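Student: Residue numbers (the numbering used here), protein chains in the order written: chain A, 1 to 249; chain B, 1 to 249.
Careful: at least some of the hints might be erroneous.
When chains are identical, the list treats them as one kind, so a pair holds in a single copy or across two.
Straight-line alpha carbon distances no greater than 25 Å define the calculated DSS-like cross-link-like pairs of lysine-lysine that follow [stated by the list, open to error]:
| no. | residue 1 | residue 2 |
| --- | --- | --- |
| 1 | K229 | K243 |
| 2 | K93 | K199 |
| 3 | K229 | K150 |
| 4 | K140 | K243 |
| 5 | K199 | K147 |
| 6 | K16 | K147 |
| 7 | K150 | K176 |
| 8 | K176 | K10 |
| 9 | K16 | K214 |
| 10 | K229 | K93 |
| 11 | K147 | K176 |
| 12 | K228 | K243 |
Source of the hints: derived by calculation from the structure; they are not laboratory data.
The model shown is predicted, which means the values in this text are computed figures rather than measured ones.
Each chain, letter by letter, is given below.
Protein chains: 2
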Amino acid sequence: MGSVKSVLDKRCTIRKYSNQVVADDLLNDLLESAARTSTCGNMQLYSVVVTRDASVREQLAPSHFNQPASQAPVLVTFCADYNRFNKWCLQNKAVPGYDNFESFMSALVDTVALAQTFSLLAEENGLGICYLGTTTYNPKEIAQTLKLPKMVVPVVTLSLGYPDEQPALTDRIPLKGWVHSDVYHDYTEQDIDDIYSYKNDIPENKEFLKINNKETLAQIFTDIRYTKKDGDFFSEKLIAFIKEQGFLK
Amino acid sequence: MGSVKSVLDKRCTIRKYSNQVVADDLLNDLLESAARTSTCGNMQLYSVVVTRDASVREQLAPSHFNQPASQAPVLVTFCADYNRFNKWCLQNKAVPGYDNFESFMSALVDTVALAQTFSLLAEENGLGICYLGTTTYNPKEIAQTLKLPKMVVPVVTLSLGYPDEQPALTDRIPLKGWVHSDVYHDYTEQDIDDIYSYKNDIPENKEFLKINNKETLAQIFTDIRYTKKDGDFFSEKLIAFIKEQGFLK
Numbered sequence: 001m002g003s004v005k006s007v008l009d010k011r012c013t014i015r016k017y018s019n020q021v022v023a024d025d026l027l028n029d030l031l032e033s034a035a036r037t038s039t040c041g042n043m044q045l046y047s048v049v050v051t052r053d054a055s056v057r058e059q060l061a062p063s064h065f066n067q068p069a070s071q072a073p074v075l076v077t078f079c080a081d082y083n084r085f086n087k088w089c090l091q092n093k094a095v096p097g098y099d100n101f102e103s104f105m106s107a108l109v110d111t112v113a114l115a116q117t118f119s120l121l122a123e124e125n126g127l128g129i130c131y132l133g134t135t136t137y138n139p140k141e142i143a144q145t146l147k148l149p150k151m152v153v154p155v156v157t158l159s160l161g162y163p164d165e166q167p168a169l170t171d172r173i174p175l176k177g178w179v180h181s182d183v184y185h186d187y188t189e190q191d192i193d194d195i196y197s198y199k200n201d202i203p204e205n206k207e208f209l210k211i212n213n214k215e216t217l218a219q220i221f222t223d224i225r226y227t228k229k230d231g232d233f234f235s236e237k238l239i240a241f242i243k244e245q246g247f248l249k
Numbered sequence: 001m002g003s004v005k006s007v008l009d010k011r012c013t014i015r016k017y018s019n020q021v022v023a024d025d026l027l028n029d030l031l032e033s034a035a036r037t038s039t040c041g042n043m044q045l046y047s048v049v050v051t052r053d054a055s056v057r058e059q060l061a062p063s064h065f066n067q068p069a070s071q072a073p074v075l076v077t078f079c080a081d082y083n084r085f086n087k088w089c090l091q092n093k094a095v096p097g098y099d100n101f102e103s104f105m106s107a108l109v110d111t112v113a114l115a116q117t118f119s120l121l122a123e124e125n126g127l128g129i130c131y132l133g134t135t136t137y138n139p140k141e142i143a144q145t146l147k148l149p150k151m152v153v154p155v156v157t158l159s160l161g162y163p164d165e166q167p168a169l170t171d172r173i174p175l176k177g178w179v180h181s182d183v184y185h186d187y188t189e190q191d192i193d194d195i196y197s198y199k200n201d202i203p204e205n206k207e208f209l210k211i212n213n214k215e216t217l218a219q220i221f222t223d224i225r226y227t228k229k230d231g232d233f234f235s236e237k238l239i240a241f242i243k244e245q246g247f248l249k
């Protein structure tokens with residue numbers, strides 16, 4: 001038990017899990033509860049694939065670049081899904097017209113909102129999660145492994161299990177750095193310095209610079225972690241896959 | 001105080017608000033707490049515009065088709081934002097390469113997850129919210145009103161205020177209808193009937209059919225609420241805007 005706030009105050013992304021089994025009943029209760037999340041026109045434009053089977057998880061891991069969290073006992077893949085809704089329409093003398101990007105966007109918002117509610121419920125119950133951003137890097141490979149039909153796109157994967165580590169809270173930029181009053185107030189050079197400069201003093205970040213032989217923390221992002229080359233490459237793959245699944249012409 | 005689950009168990013979308021003022025301190029506390037939500041590489045790829053000013057809200061309302069919820073005392077627009085991060089990179093001898101769709105997708109996930117956490121925190125504190133899906137229908141108009149620069153895209157708007165109505169809980173399809181074990185199990189005709197048929201018995205839905213002179217509930221969606229014509233039209237607008245903001249070539 002605990003308030004939403006108290007769950008958030010202590011939450012950390014967990015990438016290392018114990019062998020403790022995540023009970024099926026608990027997982028189903030959390031998913032059932034998560035479905036109370038707002039959904040576009042009450043269409044519930046999502047499906048969730050709960051993967052426990054070791055051989056399926058092994059097939060998924062390379063799609064997630066074998067990152068440590070992908071070794072979790074449970075991988076939960078949240079998919080934008082119009083396949084089910086379309087079938088319902090077709091069986092009920094209705095002609096669905098959801099083969100477009102706006103529909104994909106609606107499903108995407110539904111799906112991520114559901115995943116986030118689920119993650120808070122999981123954390124409230126002592127579980128740990130990690131968002132695997134790799135889901136949109138290799139959606140086609142993931143779809144093949146999980147047998148996703150047309151009109152279904154994996155959007156977010158949460159690795160799930162009981163924590164076997166207790167990482168420190170990560171930093172966040174100050175509120176004034178990202179909340180705007182009435183309209184957007186664009187940032188001056190001074191604003192940017194005020195918002196981000198504290199990051200330079202974090203010992204872990206100083207260590208990153210040294211290890212990677214970089215001059216600034218920003219270069220760690222642009223040159224190593226999230227490069228233009230990767231971004232452009234995975235964008236093409238993602239767009240091609242969204243087309244293939246039927247959401248883009 | 002209450003657990004995440006208990007907030008969810010009783011939550012309903014609220015479209016009608018009382019005149020009770022939403023205190024600035026409360027709102028800031030909720031936003032600060034919401035920022036504990038997972039974020040891609042800790043980049044916090046979002047900005048939030050909190051609009052209280054009546055004249056700005058009046059300008060926003062038509063972009064949200066003047067739907068009742070758009071008359072809320074506070075409109076909170078959650079935006080995917082690389083503008084701030086890029087400025088930080090450029091001021092720190094780093095060359096950002098985030099003018100692509102994959103980066104947009106990362107920001108989008110960050111942004112929706114944040115919005116969903118915020119909505120649960122708001123509800124825990126007695127506030128009511130409604131997701132305005134119209135945000136991705138008229139993103140350009142919203143961006144103009146809110147003065148959003150390039151590399152910023154509004155994704156989700158939450159209307160916010162103290163409830164002046166107490167709607168009944170909305171229905172959800174059964175868990176087995178959207179949760180898949182290990183891999184996706186595509187739906188048979190019988191499955192679809194089993195999942196959705198209860199909807200036909202809901203008095204409100206029967207009333208919809210009568211009012212709209214339709215034979216099936218699905219036709220209400222395809223012919224009235226979410227038509228192919230609208231979907232195609234708003235898709236073109238949305239794609240053009242994402243290009244304009246710098247995330248698509």
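Student: Please work out whether the CA atoms of K16 and K147 approach to 25 Å or closer within one copy, between two copies, in both situations, or in neither?
Tutor: Neither. Shortest intra-copy (27 Å) and inter-copy (43 Å) distances fail the 25 Å Cα cut-off.
Student: Is it within, between, both or neither when you check K229 against K150 at 25 Å Cα-Cα?
Tutor: between (28 Å within a copy, 21 Å between copies)
Student: Quick one: K199 to K147, C-alpha cut-off 25 Å, is that within a copy, between copies, both, or neither?
Tutor: neither (42 Å within a copy, 28 Å between copies)
Student: Can you give me the call for K93 and K199, within, between, both or neither, at a CA distance of at most 25 Å?
Tutor: between (58 Å within a copy, 16 Å between copies)
Student: Between the shortest in-copy and the shortest cross-copy C-alpha distance, which are at most 25 Å for K229 and K93: within, between, both, or neither?
Tutor: Answer is between; shortest inter-copy Cα gap is 18 Å, intra-copy 47 Å.
Student: One pair to classify: K228 and K243, alpha carbons no more than 25 Å apart. Within, between, both, or neither?
Tutor: Both: 22 Å inside a chain and 17 Å across chains, each within 25 Å.
Student: How would you classify K176 and K10 at a CA-CA limit of 25 Å: within, between, both, or neither?
Tutor: Result: close within a single copy only, 22 Å intra versus 32 Å inter.
Student: Regarding K140 and K243, is the shortest C-alpha distance of 25 Å or less found within a copy, between copies, in both, or in neither?
Tutor: both (11 Å within a copy, 24 Å between copies)
Student: Are the CA atoms of K150 and K176 at most 25 Å apart within a copy, between copies, both, or neither?
Tutor: between (43 Å within a copy, 20 Å between copies)
Student: One pair to classify: K229 and K243, alpha carbons no more than 25 Å apart. Within, between, both, or neither?
Tutor: So K229 and K243 pass the 25 Å test inside a copy (22 Å) and across (19 Å) alike.
Student: At most 25 Å between C-alpha atoms: does K16 with K214 qualify within a copy, between copies, both, or neither?
Tutor: neither (28 Å within a copy, 53 Å between copies)
Student: Classify it for me, K147 with K176: is the Cα-Cα distance of at most 25 Å met within a copy, between copies, both or neither?
Tutor: Between copies only: 17 Å across, 44 Å inside.
Of the numbered hints listed earlier, those contradicted by the structure are 5, 6, 9.
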